[in-house]
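For reference, the chains in residue letters:
2 protein chains.
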Amino acid sequence: MTHETLDASAGTLPAEAIDAIERAATSAHRHEELFSERAANIRQSAVRDVFDISMRPGLVSLAGGSPYLQSLPLERLSATAADIIAKDGLTALQYGAGQGTPELREQICEVMAAEGILDARPQNVVVTAGSQSAQDVATKLFCNPGDVVLVEDPTYVGALNTFEAYQVRVETVEMDQFGLVPELLEARIAALQLAGRSIKFLYTIPNFNNPSGITLARERRQQVVDICRRANILVLEDNPYGLLRFEGEPLPPLRAANPDDVIYLGSFSKIFAPGLRIGWALVPEHLQRRYYLAAESVTLCPPALNQMLVSAYLRDYDWKGQIETYRGLYAERCRAMLAALKEYMPAGTTWTSPQGGFFVWVTLPEGIDTYPLLRKAIDAGVVFIPGAAFTPSDEPSNKLRLAFSAVPPDTIAEGVRRLAPVLQEAIAAL
Amino acid sequence: MTHETLDASAGTLPAEAIDAIERAATSAHRHEELFSERAANIRQSAVRDVFDISMRPGLVSLAGGSPYLQSLPLERLSATAADIIAKDGLTALQYGAGQGTPELREQICEVMAAEGILDARPQNVVVTAGSQSAQDVATKLFCNPGDVVLVEDPTYVGALNTFEAYQVRVETVEMDQFGLVPELLEARIAALQLAGRSIKFLYTIPNFNNPSGITLARERRQQVVDICRRANILVLEDNPYGLLRFEGEPLPPLRAANPDDVIYLGSFSKIFAPGLRIGWALVPEHLQRRYYLAAESVTLCPPALNQMLVSAYLRDYDWKGQIETYRGLYAERCRAMLAALKEYMPAGTTWTSPQGGFFVWVTLPEGIDTYPLLRKAIDAGVVFIPGAAFTPSDEPSNKLRLAFSAVPPDTIAEGVRRLAPVLQEAIAAL
Numbered sequence: 001m002t003h004e005t006l007d008a009s010a011g012t013l014p015a016e017a018i019d020a021i022e023r024a025a026t027s028a029h030r031h032e033e034l035f036s037e038r039a040a041n042i043r044q045s046a047v048r049d050v051f052d053i054s055m056r057p058g059l060v061s062l063a064g065g066s067p068y069l070q071s072l073p074l075e076r077l078s079a080t081a082a083d084i085i086a087k088d089g090l091t092a093l094q095y096g097a098g099q100g101t102p103e104l105r106e107q108i109c110e111v112m113a114a115e116g117i118l119d120a121r122p123q124n125v126v127v128t129a130g131s132q133s134a135q136d137v138a139t140k141l142f143c144n145p146g147d148v149v150l151v152e153d154p155t156y157v158g159a160l161n162t163f164e165a166y167q168v169r170v171e172t173v174e175m176d177q178f179g180l181v182p183e184l185l186e187a188r189i190a191a192l193q194l195a196g197r198s199i200k201f202l203y204t205i206p207n208f209n210n211p212s213g214i215t216l217a218r219e220r221r222q223q224v225v226d227i228c229r230r231a232n233i234l235v236l237e238d239n240p241y242g243l244l245r246f247e248g249e250p251l252p253p254l255r256a257a258n259p260d261d262v263i264y265l266g267s268f269s270k271i272f273a274p275g276l277r278i279g280w281a282l283v284p285e286h287l288q289r290r291y292y293l294a295a296e297s298v299t300l301c302p303p304a305l306n307q308m309l310v311s312a313y314l315r316d317y318d319w320k321g322q323i324e325t326y327r328g329l330y331a332e333r334c335r336a337m338l339a340a341l342k343e344y345m346p347a348g349t350t351w352t353s354p355q356g357g358f359f360v361w362v363t364l365p366e367g368i369d370t371y372p373l374l375r376k377a378i379d380a381g382v383v384f385i386p387g388a389a390f391t392p393s394d395e396p397s398n399k400l401r402l403a404f405s406a407v408p409p410d411t412i413a414e415g416v417r418r419l420a421p422v423l424q425e426a427i428a429a430l
Numbered sequence: 001m002t003h004e005t006l007d008a009s010a011g012t013l014p015a016e017a018i019d020a021i022e023r024a025a026t027s028a029h030r031h032e033e034l035f036s037e038r039a040a041n042i043r044q045s046a047v048r049d050v051f052d053i054s055m056r057p058g059l060v061s062l063a064g065g066s067p068y069l070q071s072l073p074l075e076r077l078s079a080t081a082a083d084i085i086a087k088d089g090l091t092a093l094q095y096g097a098g099q100g101t102p103e104l105r106e107q108i109c110e111v112m113a114a115e116g117i118l119d120a121r122p123q124n125v126v127v128t129a130g131s132q133s134a135q136d137v138a139t140k141l142f143c144n145p146g147d148v149v150l151v152e153d154p155t156y157v158g159a160l161n162t163f164e165a166y167q168v169r170v171e172t173v174e175m176d177q178f179g180l181v182p183e184l185l186e187a188r189i190a191a192l193q194l195a196g197r198s199i200k201f202l203y204t205i206p207n208f209n210n211p212s213g214i215t216l217a218r219e220r221r222q223q224v225v226d227i228c229r230r231a232n233i234l235v236l237e238d239n240p241y242g243l244l245r246f247e248g249e250p251l252p253p254l255r256a257a258n259p260d261d262v263i264y265l266g267s268f269s270k271i272f273a274p275g276l277r278i279g280w281a282l283v284p285e286h287l288q289r290r291y292y293l294a295a296e297s298v299t300l301c302p303p304a305l306n307q308m309l310v311s312a313y314l315r316d317y318d319w320k321g322q323i324e325t326y327r328g329l330y331a332e333r334c335r336a337m338l339a340a341l342k343e344y345m346p347a348g349t350t351w352t353s354p355q356g357g358f359f360v361w362v363t364l365p366e367g368i369d370t371y372p373l374l375r376k377a378i379d380a381g382v383v384f385i386p387g388a389a390f391t392p393s394d395e396p397s398n399k400l401r402l403a404f405s406a407v408p409p410d411t412i413a414e415g416v417r418r419l420a421p422v423l424q425e426a427i428a429a430l
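One line per chain: the protein sequences are A and B, in this order.
The opening position of the first sequence corresponds to residue 1 in the UniProt record's numbering, with each subsequent residue numbered one higher.
The opening position of the second sequence corresponds to residue 1 in the UniProt record's numbering, with each subsequent residue numbered one higher.
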């Protein structure tokens with residue numbers, strides 16, 4: 001950045017500006033040695049990269065996994081927020097408890113009960129700044145540099161960035177259409193432990209995995225936990241989309257029958273509002289205190305106003321009805337996307353058929369790298385996330401993620417229609 | 001915890017409950033080896049420890065450094081929050097940019113201009129979840145385990161917890177009544193570097209230091225930065241109280257004349273509302289991108305609603321007038337505390353006279369440990385924070401922190417009156 005500025009305009013700048021630029025360049029040089037080893041591992045997320053691009057008018061964004069907030073009762077929420085500040089402003093705007101408010105932690109247990117976790121206790125819930133922060137805290141608490149975290153291939157890009165910031169070695173386990181393959185998980189663990197690697201946890205999104213939309217099959221769920229338990233590995237279960245199932249029967253979270261082996265992460269970002277940044281971890285009793293202290297060392301306490309707004313929403317609104325609305329909405333959008341894919345996608349492409357969540361995962365023929373296709377797609381008026389974002393490797397990927405959550409059915413169809421020739425051209429060039 | 005439960009009640013529990021407890025105890029045992037090395041460094045803050053106690057009715061809390069929010073225009077803020085959600089809810093409740101909203105970053109530059117930083121640019125501002133999170137990100141970005149962070153003695157307990165969670169060696173530099181002593185800082189750095197230690201930054205609260213209330217003298221400010229620059233050490237300047245000066249002339253932040261060597265941390269917690277958890281870092285141009293990415297890896301993005309409420313407050317309210325109100329309020333409370341100390345404190349005690357901020361620092365005769373006195377003070381109806389909380393050492397401390405920010409003058413006087421005999425007794429027992 002500094003050098004570009006120098007090259008472009010040094011000739012026309014006043015002397016003191018040139019001094020300033022040179023001083024900064026010198027500082028950049030001498031401060032380079034101050035970075036931690038982990039700093040080299042902290043990278044830009046491809047999803048965030050395209051965040052600004054996605055906002056351009058005229059573009060169809062199938063990139064971001066944003067919930068469709070238009071269906072929220074904004075007028076009523078406006079009045080609720082006003083009420084909270086007018087009546088309880090001295091609490092809402094003040095410092096609060098590091099673990100989160102007692103009321104919200106009680107209510108979070110009810111939300112988890114709707115997911116199938118019936119024995120959660122408020123004292124084992126830690127409210128966090130979104131579930132990204134809950135992942136950060138788990139990694140902080142368990143991972144030394146060089147330790148292994150197992151993830152599904154593909155997995156959530158934000159979690160990858162968080163893990164890598166702790167110099168963790170992220171190792172992938174293959175999925176098929178029914179999710180993680182227990183035999184492959186077991187074999188992978190055995191090989192890594194045989195090689196002397198210290199594996200700390202398996203990070204998994206069992207419901208409607210981001211980015212693939214794949215769900216871990218019922219009969220594999222206990223198997224996965226048992227394999228981890230036998231190998232003395234914790235499970236970090238991330239379930240932001242669990243309640244957004246629009247097809248098939250609900251499956252119990254891994255945490256449900258395994259209170260001592262699973263740290264369960266939940267979020268209000270998908271079932272209510274991501275802009276509040278309120279997520280949580282349900283932590284096994286014997287790990288709770290250290291987890292909570294680690295969370296406090298990062299953010300001191302979660303924002304009181306935001307917690308109170310979520311509490312009011314869970315207390316006074318038909319939040320389950322709103323989830324029904326979301327389910328119908330996302331089901332319709334998912335159907336629109338699958339229909340458009342069927343109509344427009346060139347031969348040689350395949351895709352997943354999710355039963356919930358926000359994403360469809362498209363596979364192109366081997367040998368195609370979807371990353372350079374992004375630029376062409378943007379030129380064609382549509383944005384997606386290239387598959388390479390969702391694995392720890394730097395290998396090219398022939399996959400891409402399409403999100404159907406944030407745009408109406410017609411726009412989804414138009415986006416897929418715009419994408420098709422870009423993919424067609426890449427396939428033809430093989 | 002588990003063992004207490006077992007001892008106390010195992011005889012009366014049903015078999016399945018006993019099974020559950022034994023299973024958890026076994027898990028606790030086998031999961032112990034999974035903790036990271038840093039986990040052992042993550043500790044309870046003494047300030048947070050007494051947070052719950054401070055809420056007990058009848059107690060006078062001189063413990064927490066909470067701002068006095070009663071003076072905020074809550075009715076109007078209520079209407080503002082309502083407006084934001086009603087008119088801009090789709091933005092306020094949605095994901096946002098990881099660096100913070102452009103509007104707030106512009107406004108933060110104006111706030112810093114009021115502090116004496118005239119050249120801040122919005123692109124170098126990163127909005128964080130309170131300035132605690134900004135400290136966390138700085139440590140993440142710069143500190144390997146074993147690296148040294150220099151701090152004033154005493155310093156902010158939350159920062160100590162954050163640093164220690166990264167296995168940093170926190171080394172203290174002595175202050176006198178004019179703040180950090182440059183000669184001692186220089187000697188300390190030389191000794192540490194001679195011993196081969198890698199020092200990454202000096203963390204300093206130059207204005208009305210928490211807990212001591214001491215302010216770094218004008219003539220020492222540039223000296224401190226120059227010493228650090230010569231040794232190639234960054235300065236992490238934490239200035240939450242800077243605008244809350246009620247006496248003496250304003251002093252320029254260390255950052256003002258040193259854009260390339262100082263990461264400046266600001267916060268709306270003391271000048272507006274801590275419950276929103278909105279702070280920021282002004283980062284030197286050449287460090288900005290990596291700082292921002294590290295922030296994103298922890299919390300993805302700061303809450304949009306909270307940022308928009310701060311923006312509206314800075315845009316539409318007389319926020320400088322409100323700061324004047326705070327100054328008058330805290331000046332009065334500080335005077336009340338100093339008067340009460342003069343009236344009630346036993347011989348042998350001394351205390352600081354802050355020119356701003358929230359805290360007075362009381363020193364008892366050598367040989368007294370203020371930690372065990374806390375229990376006696378609570379019995380006497382008053383809470384303080386023992387001095388040991390504010391240093392990295394485990395040594396007993398003969399100091400204690402009194403906060404005058406959150407309670408009215410009469411209550412302050414009553415609190416000091418209750419504290420006096422506890423200290424008197426300890427002195428008499430020497």
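Source of the hints: derived by calculation from the structure; they are not laboratory data.
Treat the hints loosely; a few may be bogus.
Claimed, not checked - List time: in silico DMTMM-like cross-link candidates among lysine to aspartate or glutamate, alpha-carbon distance up to 20 Å:
| no. | chain 1 | residue 1 | chain 2 | residue 2 |
| --- | --- | --- | --- | --- |
| 1 | A | Lys320 | A | Asp260 |
| 2 | B | Lys320 | B | Asp88 |
| 3 | B | Lys87 | A | Glu249 |
| 4 | A | Lys87 | B | Glu75 |
| 5 | A | Lys342 | A | Glu324 |
| 6 | B | Lys342 | B | Glu285 |
| 7 | B | Lys376 | B | Asp316 |
| 8 | B | Lys87 | A | Glu75 |
| 9 | A | Lys87 | A | Asp316 |
| 10 | A | Lys87 | B | Asp83 |
| 11 | B | Lys320 | B | Asp410 |
| 12 | B | Lys87 | B | Glu110 |
The hints, checked one at a time:
{"no.": "1", "hint": "Lys320/A <-> Asp260/A", "in the structure": "28 Å, violated"}
{"no.": "2", "hint": "Lys320/B <-> Asp88/B", "in the structure": "26 Å, violated"}
{"no.": "3", "hint": "Lys87/B <-> Glu249/A", "in the structure": "38 Å, violated"}
{"no.": "4", "hint": "Lys87/A <-> Glu75/B", "in the structure": "9 Å, holds"}
{"no.": "5", "hint": "Lys342/A <-> Glu324/A", "in the structure": "27 Å, violated"}
{"no.": "6", "hint": "Lys342/B <-> Glu285/B", "in the structure": "48 Å, violated"}
{"no.": "7", "hint": "Lys376/B <-> Asp316/B", "in the structure": "47 Å, violated"}
{"no.": "8", "hint": "Lys87/B <-> Glu75/A", "in the structure": "9 Å, holds"}
{"no.": "9", "hint": "Lys87/A <-> Asp316/A", "in the structure": "16 Å, holds"}
{"no.": "10", "hint": "Lys87/A <-> Asp83/B", "in the structure": "17 Å, holds"}
{"no.": "11", "hint": "Lys320/B <-> Asp410/B", "in the structure": "27 Å, violated"}
{"no.": "12", "hint": "Lys87/B <-> Glu110/B", "in the structure": "25 Å, violated"}
In this structure, the earlier hints numbered 1, 2, 3, 5, 6, 7, 11, 12 are contradicted, and the remaining ones agree with it.
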